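Based on the sequences and whatever the hints tell you, model everything.
Residue numbers (numbering that gives the first Met the number 0), protein chains in the order written: chain A, 0 to 259; chain B, 0 to 332.
Quick caveat, the hints were computed from the structure, so don't treat them as lab data.
Worth double-checking, as some hints may not be accurate.
Not everything, but these chain B residues come out facing chain A in the computed CB check (under 8 angstroms) [said to hold, decoys possible]:
| # | residue |
| --- | --- |
| 1 | Arg1 |
| 2 | Arg185 |
| 3 | His191 |
| 4 | Arg193 |
| 5 | Ala204 |
| 6 | Glu206 |
| 7 | Ala207 |
| 8 | Met208 |
| 9 | Gly209 |
| 10 | Asn211 |
| 11 | Ser318 |
Fair warning: this is a prediction, and the values are worked out from it, not measured in the lab.
Glycine included, every Cβ here is placed at the ideal spot set by N, Cα and C.
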Amino acid sequence: MSAPLLDVRNITMQFGGLKAVDSLSFQVQKGQLAGLIGPNGAGKTTVFNMLTGVYKPTSGEVAFESKKVSGLKPYEISSHGLTRTFQNIRLFKDLTVLENVLIANHQHVKYTWTDALLLNQTFEKEEKQITDKAKEILHIFGLSNKIDERSANLPYGEQRKLEIVRALMTEPKMILLDEPAAGMNHSETHSLMELIAKIRKEFNLTVLLIEHDMKLVMGICEQIFVLDHGVKIEEGAPEKIKSSKKVIEAYLGVDADESH
Amino acid sequence: MRAIKTPLIAALGILIVASALGLLTNSYIQLIILFLFVNSIMGMSLNLVNGYTGQFSLGHAGFVAVGAYVTAAITTKFPVPAGLMALPYFILVSLGAGVIAGIFGYFVGLPSLRLKGDYLAIVTLGFGEIIRVSLNNMSYFGGALGISSIPSMPEIDLGGYVISTFVTSLIFAIFWAIICFFVIWRLLKSSHGRCFLSVREDEIAAEAMGINTTKSKIQAFVVSSFFAGIAGALYAHFTNYVSPASFTFLMSIDAVIMVVLGGMGSMTGVLTSAFIITVLPEILRSLKDFTGGVDLRMIIYSLALILIMILRPQGLFGSKEISIRRKNVSSST
Chain A
0 MSAPLLDVRN ITMQFGGLKA VDSLSFQVQK GQLAGLIGPN GAGKTTVFNM
50 LTGVYKPTSG EVAFESKKVS GLKPYEISSH GLTRTFQNIR LFKDLTVLEN
100 VLIANHQHVK YTWTDALLLN QTFEKEEKQI TDKAKEILHI FGLSNKIDER
150 SANLPYGEQR KLEIVRALMT EPKMILLDEP AAGMNHSETH SLMELIAKIR
200 KEFNLTVLLI EHDMKLVMGI CEQIFVLDHG VKIEEGAPEK IKSSKKVIEA
250 YLGVDADESH
Chain B
0 MRAIKTPLIA ALGILIVASA LGLLTNSYIQ LIILFLFVNS IMGMSLNLVN
50 GYTGQFSLGH AGFVAVGAYV TAAITTKFPV PAGLMALPYF ILVSLGAGVI
100 AGIFGYFVGL PSLRLKGDYL AIVTLGFGEI IRVSLNNMSY FGGALGISSI
150 PSMPEIDLGG YVISTFVTSL IFAIFWAIIC FFVIWRLLKS SHGRCFLSVR
200 EDEIAAEAMG INTTKSKIQA FVVSSFFAGI AGALYAHFTN YVSPASFTFL
250 MSIDAVIMVV LGGMGSMTGV LTSAFIITVL PEILRSLKDF TGGVDLRMII
300 YSLALILIMI LRPQGLFGSK EISIRRKNVS SST
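Here you go:
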């Protein structure tokens, strides 16, 4: 087997006396769709924050495409092709849907300030190119008719989708989705599942997602990591996770009879 | 060609209106007209940082002072060339003033833009005051007395037809105001400008989308300081005198009022409020005649500001722009 795309080695995040994540290691292979689950407060979002550079791990290392990325700034990690969405939606609220998506393309923009000030061919051509690209991705997500809408005015489900569109615009190799289905109803979740599977194929993506909706996780993930109190307690295919005693204990608690 | 068409038309239009207005009236009104442009540039440039990039700076007067003093120091040492050569001379000197103010902006922005909100406001206020107090103590720049007899724009004799100082000053002012407007306007329509907006909206998300927010903030701050320096250069030529007392933090506050009153992040809004801030206090001067010598000017001025902020807390224009064309303004610039 070739080297994993994302290789997390013993990362620990310590906030004062609290170990939010304790020497966690896992690997995600290229093209995989993996899930990170765990009860509330298990440290899942902290893991995402470490992977994307929002937090610098107290110890341990994250390698992406065999290159060390832990310790880099978030924008540097993003330029390596690792991007994310946020659990508590972080759109550019006052800007339009289209602007939200265009901004994410900035690292690929080749024209300079001077081109923009002179409104020359280079500028016009590239602006058109990236606008077309943005519209194309928005179309896949069914947001075509909303491009001029202020993003804060979108319904909740569409805001979540827009976050994914924006992340895709950075041309990632791997995308981390933090509870993409949170607050969605059953049918919305179902169509989101299909969408995630579709974009993964179309954009040749590797996906790691945090999700509480077990149906979604078990339905689409090929590999699942279970986190509890900052420690990985189990990993494997959905069938293995479903029948794992440790996982059931973490979610439902230890049976009173057995604990003694 | 397309790049300069709109600015050129705008410049000519403004020039015709402003010079007609100015030539029909006295030198007092003429100075107000000129100051309209100084304040507009000050407001537009601060809007780039405060309104579009969302970084609250209170030190704008410091950069205006740098520009004004650089201009004053150069033009009082090197004589203004005669005739038409005077225009490029003045433009070159003011360009230098802007560049030096921009460099100051870079070194002030580098450490202070790590801070946010109130803290950034206090630090920039501090830097503004440091610049002013330093000037106060530099004998080379005249200390507290400042620099006087800074040359005005000259009259230009075109074979019998004389273009007055007012009109040459006006050309000079409009030249920079138009450049300032279009540089900021077009930047905001580009990917680089959209980065400024993303920093204002959500810094963490912007970083995650691959934007170096520190770099964006500093870029905005440098461009803003550059134009503040230009405003200072114009100020120096129009008043012929600069002293540290002209650049207290009250000037920064005035600039902030322009931005907030017009609507954070609206170019046309800032221009409108620059007009109000410049003209309203002057109009209210004549009130003294009716109130029997009691000066109600600043009271009414303050009341007007309070009322506008209560009735339109988002500013006169919010973040909207007014435009002659209804939609797709970007393609017309």
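- If any of the earlier hints don't hold here, list their numbers in rising order. Of the numbered hints, all hold.
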